[in-house]
Amino acid sequence: MSARPEAAGPAAPTTASPVTADPAAARPEAAGPATAGPTTAGPVTAGPATPGPATAGPGGPGPATASGAAPVPGVTGLRATARIRAVADGRGGTALPLLAGEGPLALRRTRGAGDGAGADTAAASVTLVGAMSAPLGGDHLTVEAELGAGARLRMGSAAATLALPGRSGAPARYETRLSLAENTCLRWLPEPLVSVRGSDLRVHTRVDLAPTARLLLREEQVLGRTGEEPGLLRSRLTVTLAGRPLLDQELACGPGAPGGWDGPAGLAGHRALGQLLVVDPAFAERPPPAGPLGDLAAITPLPGPAVLVTALSPNALHLRAVLDKAIQEHGW
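For the sequence shown, position 306 (counting from the first letter as 1) is numbered 335 according to our numbering, and the numbering increases by one without interruption.
For the record, the hints were derived by calculation from the structure and aren't laboratory data.
As the structure is a prediction and not an experimental result, all values here were calculated from the model.
Just so it is clear, CB atoms sit at the ideal spot from N, CA and C, and this is done for glycine as well.
Please note that the accuracy of each hint is not assured.
To be verified - Simulated restraints on C-beta separations:
#1 Q357 x A178: 36 to 42 angstroms
#2 P126 x G292: 47 to 53 angstroms
#3 G256 x E211: 45 to 51 angstroms
#4 A319 x P274: 16 to 22 angstroms
#5 G256 x P332: 39 to 45 angstroms
#6 G292 x R137: 22 to 28 angstroms
#7 D324 x W361: 17 to 23 angstroms
#8 E211 x R138: 30 to 36 angstroms
#9 A124 x T255: 38 to 44 angstroms
#10 E204 x D118: 25 to 31 angstroms
Starting from the given sequences, assemble the full structure and let the hints guide the process.
The structure is reproduced here in C-alpha cells:
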C-alpha cells in the first residue's frame, strides 16, 4: 500500500474486522499521533513522514476540531471517486468495461471468495483496496457501481475502513451509489467501518433497483477501536425499487449524536452494529418470516420484495458471525 503523506501516524490494531486495516504514513492534517502500535497488514514502503508544525493564522488558532486540535488554515480534504460498470458479456458471464479508482480508492478485479465448486461463474468479483489512509476530516470519497441488464457482480474490500480525525475542521463524507438494471444481481459485502475517536464521518449509501434486480448488501459499523471511545458517525441508507421508496433510514452514534443513542432503547453499550438488506423478486410471493435471530438480531420483512436483518454485538467478529449465519441459513 502506498503511503499518504498526511496520515496521522501508524494505525492501531483493531478487532473491527477479520481483515486487518492497512497501515498508512502521516498526513499533516491528521489530528495527532495514534496511541497504539502498528498494524500487521504489512510494511509501509514510503519513508517516515515529516510534517511541519501546524501554525495558526493572524486570527489565532480557531475552534478545535472533534479531536480537540485546532484546524489548520488552508488545509482541505481530498476528493476521490471509484467507478465500476458491469455488463453481461453475451457468453454467460459479466464484463467490466469501467473499473477506475482515484487516490485512496483502488479497484482490483479478483477471484471471488466463493470461486470454485458451487461458485457463481456468471459474476465478476471486484475488491476495493485502500491505497492510502482515508477518510480523514474534510475528505469526500465516492464509490459508484452501475450494473447493466443481466450483469452479476460481487463487491468486497480488502480491509476495514477507518474514519480518522483531520485538521480541516470539516466532517468527512463517504458516499456509495449503486444502480441495478433489470435481471441484475449484486452482492455488496465490504469490510467494517470503524469510527475512530475524534473522527466525524457522514456516510450515505443510495441504491436504485429495477423491479427484477436482486441485492444482498451488508453494512457493519464499529464504534471505536479496542479500548477507545468512538467518533461521531452519521449513516444513512436510501433504497428505491422501480423508482419508489423501499427503505430510508438514518442513525447517528458517538459524541454529538442525539441523546439516547447508547441507552437501553439504543445500542445499550454495544459497540458493533450491522445489517443485511436482501432484495429478491421471489420475496413478493414467499417472504421470509419476521422474527428474532438470537438475542441481539432480528429479521424484518419490508413493504416490498425485501427483508432487513439488523444486529448488535459486543465486537465485530461476533457481529460477522451473526450476519453470516443469517445468509447461510436462508440461502442468500
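The hints, checked one at a time:
no., hint, result
1, Q357 x A178: 36 to 42 angstroms, "violated (29 angstroms)"
2, P126 x G292: 47 to 53 angstroms, "holds (49 angstroms)"
3, G256 x E211: 45 to 51 angstroms, "holds (48 angstroms)"
4, A319 x P274: 16 to 22 angstroms, "holds (20 angstroms)"
5, G256 x P332: 39 to 45 angstroms, "holds (41 angstroms)"
6, G292 x R137: 22 to 28 angstroms, "violated (42 angstroms)"
7, D324 x W361: 17 to 23 angstroms, "holds (21 angstroms)"
8, E211 x R138: 30 to 36 angstroms, "violated (24 angstroms)"
9, A124 x T255: 38 to 44 angstroms, "holds (42 angstroms)"
10, E204 x D118: 25 to 31 angstroms, "holds (29 angstroms)"
Comparing the model with each earlier hint shows violations of hints 1, 6, 8; every other hint is respected.
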